[in-house]
Each structure stands twice: as structure tokens, then as C-alpha cells.
Amino acid sequence: MTTTAIPQAGDPAVRPGIEGFLQVKDLRVHFPTDDGVVKSVDGLSFNLERGETLGIVGESGSGKSVTSLSIMGLHAPGTANISGQVTLNGDNLIGASSEHIRRLRGKDMAMIFQDPLSAMHPYYTVGHQIIEAYRVHNNVSKKVARKHAIDMLDRVGIPQPDARVDEYPHQFSGGMRQRAMIAMALSCDPELLIADEPTTALDVTVQAQILDLIRDLQQEFNSAVIIITHDLGVVAELADDILVMYAGRAVEYATAHEIFTAPQHPYTWGLLGSMPRLDRERTERLRPIPGAPPSLINVPSGCPFHPRCAYARLTDGASETLRPEFTEISSRHFLACHLTVQDRQRVWENDIRPSL
Amino acid sequence: MTSAPTDNAILGSHARGSDTVSSEDLLVVTDLQKHFPIRRGLLQRQVGAVQAVDGMSFTVRKGETLSLVGESGCGKTTTGRMLTRLIEPTGGTILFEGRDITHLSAGKMRPLRRDVQMIFQDPYGSLNPRHTVGTIVGAPFRLQHVKTEHGTKKAVQELLELVGLSPEHYNRYPHEFSGGQRQRIGIARALALKPKLIVADEPVSALDVSIQAQVINLLEDLQDELGLTYVTIAHDLSVVRHMSDRVAVMYLGKMVEIADRTPLYERPMHPYTVALMSAVPIPDTGRRTKRDRIRLEGDVPSPINPPAACRFHTRCWKAQEVCSTIEPPLAELAPGHRVACHFPENLIDLPVPTTRAGSPGPPQD
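As given, the protein sequences belong to chains H and P, one line each in that order. So for the first sequence, my numbering puts the first residue at 533; every next one is plus one. So for the second sequence, my numbering puts the first residue at 3; every next one is plus one.
In case anyone wonders, no lab produced these hints; they're calculated from the structure. Ideal Cβ placement from N, Cα and C applies to all residues, glycine included. Misleading hints may appear alongside valid ones.
[Stated by the list, open to error] Computed, partial: chain H to chain P, Cβ under 7 Å:
(1) A628
(2) Q703
(3) E729
(4) A733
(5) L764
(6) A788
(7) R809
(8) D811
[Unchecked claim] For the chain P half of the interface with chain H, some residues (derived, Cβ under 10 Å), not all of them:
(9) V49
(10) V52
(11) G94
(12) L97
(13) R101
(14) Q214
(15) I218
(16) T264
(17) P265
(18) M279
(19) P285
(20) I296
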């Protein structure tokens, strides 16, 4: 699909990106099923620069994982209808041939999955898997690749890497396996790293080590990082910007600082208010968001959050019928909500801020 | 063991549903041990053991919530399963309402299963997918031959309402429900025969954040309404702080610290507890770079071959020679606060400031 005229990601003349290293415009991913069309992602747009970290926050069914799989081109062909535009350094990914994507995958963009035990092949040694990834994209001998694999394992903090390179995934502990997966993902110096719930399956002390590692490696390689999680604490640690997703759509986007100090969307308020926090006084009762995330086959009309929103009644019925636009409400702060500025400010000052 | 009068005084002010807390110990656990044998060879000779739980001693008073926290491999789930006698201990004793249930036969244990129930972590694996909700929640009545006033179906429907589900869900199958709803079904099942003690193994960790809050509130409401006693097993320290009256921290099969909730979170004494608290990511961007996080090196050692004496000494920044030769006893260093450490943190009786250099203070400001 691509001709030599289109700049390749490795071409020094193109770095940094043209207008956004990673650009996602109106991404829609729909899965036709017997029960109806599952609209996993329904009109998502965002940009990301190298050296920056974007945190995508959402619960089950928000579409966050499907988004990352779409960027990486990992949906089985024929299962998903993907439309919209995703460009990596000017290179269009949607609609590109699978051959083209395969060349980019691993080299220019890489992914760390949630469960390293199921993401790594149990029959091949860790070294073999890293070497394979490296040799697909670099024309080197096995010996050179093996040395590189050992270097990567050392870089991610695995002790005795020259011995462990020949061990199988099941011989590693959870934290070490995740490190090995990070080594595999970073072996070709990708410019974009997507980490999908990288620490959810790990203990909290190991989680802390892995988050520190991701931060250090990002600084070293100047990669763009997308971290996908439901854990607001993790995202506060790592992300520069945060995108909150609900029912396949972006509902709020702002810097991490803004999201935690001045969130504007009722769903974000709900998320922040329902978590018990170690850095706050203990409350007698948590304040959950009533109801449950919606089915993606029957997404509620208008604003998908309206059945659970305590403030839907303030919108004069608009939230039930009209889909709110994702617009910029202040510098680098985007929101999809029907509440007027005055109503939102009032609710924020009176109801939400005092209790957060 | 802790002295009863002190514990009562503390518990009186901290226990949930406070005016009905009695001073009875519902559960008394002494030196509980579980070693899983490792067998090799044709003759299956035992060549070693996974020392999953070693010497756990604690009491649980009626109406309180005790949480066991720790990371993978610390033995908390194994302990929980021993309390419900899903596993038989290899050492120590468990007294439930004064009666020794440690090695009761299945037959003798059966009537006790009305009093001690369990809620499991995985809402997808803990419900039989081929049974309707009515069958699942009604099973305890059938299995224990309990006759209810208006029939089992009515009793089940009342239970469903109690946990926030609709009585019409009686004929539905688990796959028709979300994770949070399935967890509610599991809770309804556990409550069926009005148990006295519920062991909840990670009851909310598989759920979304906004649903976690709903289920936590539900568990607390039920405790108040029905006078339940909980032993919770969890790893999320924020949830534990919210739910618990007392917290026990485990490491590699041993209890390293046990205290009332507030003292544990404000003044953790065991270095492992301090490290655990500092590792929890806080949803506050201002703290990101300024945090004095303790980085524990490496992974938890194997329970097949745990380190000698203090099991934490291989990863402890305060470790000295005595730590690898003499096992620190679980000692009461403050009222109701027991710690197993030769060099605990945050001791309030001793002059502290200069010794704190290089080791972060308590996690809260």
C-alpha cells in the first residue's frame, strides 16, 4: 500500500512527527454479532507526542483495550469494522496492508499486555521470543540477537540475564514475567509503547517497580506511551494527559493535573468519588456510581452516561436524545457533556469539590 | 496473645455496628500451620514442603471485620480456606465459638457450614453456569435440609432483594449477569443460612471501580443489619482501610503485624507494612516525584525455601545479622498492636527523629 514516497517512521528527516506523532481521528470499531452490532469504540480522537504519556482510563466495556488493539492492527481480520484514521508519524494505519502493519508492529509500535503468562508463548524460552521479535525487524545473526536479548533483560532489571534468557515463561514470577514482556516490547526501540493494564495482575510492590521501570525507559528512549488502566492511582503516577472513556467514547480529556484537581465530567466525578483513598480521611460510606456500565449493543441514546448521571435532569432532556460533542472547554481540556458552564461550575463547587 | 480488657476498650470505639459487639471471641486461631508436601519419585516420597502458612495466631471478635493483607504467596488465601475448613491445617488449632474445628470430619463439620461461609474472588468461576440463580442461592437450604416458613423459593427471593437484585432474577443463569451482579449472587448464597462468620476472599478485586464501591457498601450494610463477622482477604490497602476494624499483615506465611485499623495506617511498624503502604499509587499528581517511595528489591522468596529467622530479612533495608539468626517474636509494642520485628519503625516510646533518615516516615501527611 505505501510507496517509498511516504516517509517511514525511522527516517530521520521525519522525526519528530508532522502534526502529532500519533493521531487518532474519529476511530470507530464495530463488531457485528448475532445479537447486534457491538459498538466498542464509537468516534474517538486524540493526539500523542513522543516523550509524552497518555493515560486512557475506563472500566469494563469502555473500549479502551479495543482502541489499543486497533492501533496495533491486532483484530482478527473480518471480525471488526474499523473506520476513521490512525496515523503514526504520518503513516496511515487503518486500511494499510497487514504486511505493512506487521513491519511497524514491534519496531515502531509495541504493546505490553495485562497477563504476561497468556501473552507469552509457553513453549518457547523467553530468550527465543525476544530474539524472534528482534530478528524480524533487524537483519542480524542469532548471536548478535542473543546478546541484545540478554542486554534487554538486564536493562529491565532481571538478575542473571545470561542464565534466565534460556528459561521458559512459567519459570519466572509474575513481576519478572512482566519485565520480560517489557524487554520483548522494547527490544526494537519502538517509538510508541502501549501498555494495557500492565500491572493489574501484579502485587503492589512489584507494580511500583514496573511503573518506575516504564517511566525510566520512556525517558531513555523518548517513546510515546499509552497506558490503559482502570486504576486512577497508576495513571496519576505515569500520565501527563488523561483520556476518560465511557461506552466506547471519550468523555473527558485533560492534563493529569486538571483531571485530578478540576474534573468536569459527571462520570469522572463519580470515579474519583467512589474510590477509597489512602491520602484522604476515611469516610463512613463510599459514594458509588449507581447502575452498571451499559451494554455496547444497546448503548443508551444521547449521552451514554445519562441513565447513571445524577445531573441528567439539568439538561432539559438533551442528554437523552442528543449525543454531546467532544469539545474544547478550556485550554487543552475537552469534554462531552450537555451541562451548561454555569450548572457545571455550580455542581462542582457545591457538591463535588468539597467531597473529593 | 492480646489481653482482653485492652482489646475491648479499643474495639468498643472502632467496631462497626458498635452497640451489639460482645466481648466473645468468635474465632480463636493458635499457631495455625499449613505445609503442602512436595513429593518426588516413583514412591512419591516427601522431599520438601511448601510452607504456605506458619504459626498464625489471632482472634476475631463477634461483629468485627478483620482483614488479612499481603501479596501473592503470603498465605492469606490458604488461611482463609483453613478457617472455612476447605483445607485441613497441618498444625495449630482453630476454635469456633469455643469448639475445636481443626480436624473435624466432614460429617461433623457439615452442620457448622451453616455458621461459617465464604465469598469467593472470581464472580465468574464461583457460580455454576448450568444452574439458575434460584438453584444456586437455594442450594444451601437443600444441602442442609433447612425448611423455611414460606418455602425455599420465597426465602431465595428475599435474599436476592437483600443484596440488591430483583426477585425476578430467580430463573436466570449466571452468564446473563455482570461481574458485580454475580458477586451479589455469591453474597446471597453465603447469607442463605444466616451465618455467623463470613470469610470474604478478595470480594471486590475482580470488579470495576464504580461497582466495587457498591459491593463494599452492601457488605457493610449487611454486617450492620445481620450482625455478621467478617474475615476479609485482600491486597488493596485502600479498600482494606475502608472496610476493616483490624488488619493483619502477612508475609511468606507469617503474620508480621496486626493492629487496629487507624494505628496500622498511621503508624505502621513493620518495615514490610511501611513498604507496602508506600507502594500504593495515590491518585494525586502532585505527589508523583516527591514521594519517598521505598523500593523493595527483587521478588518474594519461595515458600518452599523461606529465608531463615525473619523471613523478610532478604529484602529489608534495616536488616542486620540478628535478623537472619533469631526469628523476631510477635510482640505487643503498643496497645493492641503486635509486630514481629527486631527494628520496627515508628516506635513512639523511643526518641525517633535521627533514625528516620533514609527511611520514609508514615505514608500519610
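A quick look at each hint next to the structure:
1. At its closest, the beta carbon of H:A628 sits 34 Å from a beta carbon of chain P; the interface hint therefore is violated under the 7 Å criterion.
2. Nearest Cβ of chain P to the Cβ of H:Q703: about 12 Å, over the 7 Å cut. The hint is violated.
3. A least Cβ separation of about 12 Å between H:E729 and chain P goes past the 7 Å threshold, and the interface hint is therefore violated.
4. Interface hint status for H:A733: violated, as the beta-carbon distance to the closest one in chain P is roughly 10 Å, over 7 Å.
5. Because the closest C-beta pair between H:L764 and chain P is about 4 Å apart, less than 7 Å, the hint holds.
6. Interface hint status for H:A788: upheld, as the beta-carbon distance to the closest one in chain P is roughly 5 Å, under 7 Å.
7. At about 6 Å, the closest approach between the beta carbon of H:R809 and any beta carbon in chain P falls short of 7 Å, and the interface hint on this residue holds.
8. Taking 7 Å as the C-beta contact cut-off toward chain P, the hint placing H:D811 at the interface holds, the least distance being around 5 Å.
9. Interface hint at P:V49: violated, since its Cβ lies 19 Å from the closest Cβ of chain H, which is beyond the 10 Å cut-off.
10. About 15 Å separates the beta-carbon of P:V52 from the nearest beta-carbon of chain H, more than 10 Å, and the hint is not met.
11. The interface hint given for P:G94 is broken, as the beta carbon of that residue sits about 26 Å from the closest beta carbon of chain H, more than 10 Å.
12. Because the beta carbon of P:L97 sits about 31 Å from the nearest beta carbon in chain H, more than 10 Å, this interface hint is broken.
13. The closest approach between the C-beta of P:R101 and any C-beta of chain H is roughly 35 Å, which is over the 10 Å cut-off, so the hint fails.
14. Interface hint at P:Q214: satisfied, since its Cβ lies 7 Å from the closest Cβ of chain H, which is below the 10 Å cut-off.
15. With 10 Å as the threshold, the beta carbon of P:I218 comes within range of chain H, its nearest partner Cβ sitting at about 6 Å, so the hint holds.
16. For P:T264, the interface hint holds, since its Cβ comes within 10 Å of a Cβ in chain H; the closest pair sits about 8 Å apart.
17. Evaluation of the P:P265 hint against chain H yields a violated restraint, the C-beta minimum of about 13 Å exceeding 10 Å.
18. Interface restraint check for P:M279: the shortest CB-CB distance to chain H comes to about 7 Å, inside 10 Å, so the restraint holds.
19. The restraint placing P:P285 at the interface with chain H holds, with a minimum CB-CB distance near 4 Å, inside the 10 Å limit.
20. Interface hint status for P:I296: upheld, as the beta-carbon distance to the closest one in chain H is roughly 9 Å, under 10 Å.
Hints 1, 2, 3, 4, 9, 10, 11, 12, 13, 17 from the earlier list are contradicted by this structure; the remaining hints agree with it.
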